[in-house]
Amino acid sequence: MEIGDWLFSNLQSPISNIQSSMLLPLLFIFLAFLADRLTKLWAAQFLAANGPTQVHALLTIRETYNRGIALGLFQGIGPIVGWLTVFVVLGMVVYMVRLPWEQWLARLGLAILIGGALGNLVDRVFVGQVLDFIETPLRPGIFNVADVMIYLGLALVLAGSFLQKGTRDDVMRDA
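Take 7 as the starting number for the sequence shown in the numbering used here and just add one per residue.
By construction, these hints were calculated from the structure, which means they are not laboratory data. The beta carbon of each residue, even a glycine, is placed where N, CA and C say it ideally should be. A few of these clues could be false.
What follows is a list of derived Cβ distance ranges for each label pair [said to hold, decoys possible]:
#1 LEU37 with VAL103: 11 to 21 Å
#2 TYR157 with PHE132: 15 to 25 Å
#3 LEU169 with VAL131: 16 to 26 Å
#4 TRP48 with TRP89: 43 to 53 Å
#5 PRO58 with LEU164: 26 to 36 Å
Produce the complete structure using the sequences and hints provided.
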């Protein structure tokens, strides 16, 4: 029995299958969202007190705001970015719910991705821009924990689609 099968099978309870199968993904959505929110709060306070700081040769904490999406794309189109994010997140939620039980890696990847997207969406809706604060020479641009969650989630979705591809055809046929 694979670890994912074991985790999901042990989450079974009297509630419906769809509810119980979503407990772990909902937890990962919450944890990814919370990690983003807490690190942004910390970064805002840290940067207000200390300004830009090189923590290590590979890590600098620097404040910048992004009104677009990844790497500053689509700057200046205002609320369209927020609405686009809402529709994409809703689509990912629907897809995650429809994934078969055996696609646990892709489901968890989508959950992490959704949590990160929601973290940046909150900034876009309530602040009008997203706080980015992590800079490293290993990657272009400045980013935040939500961005890390989005990339990590995407990597897990891709890994799940290759490693568990036997059930992928079932999802596409049922979609």
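Mind listing which of the numbered hints don't hold for this structure, in increasing order? 3, 4
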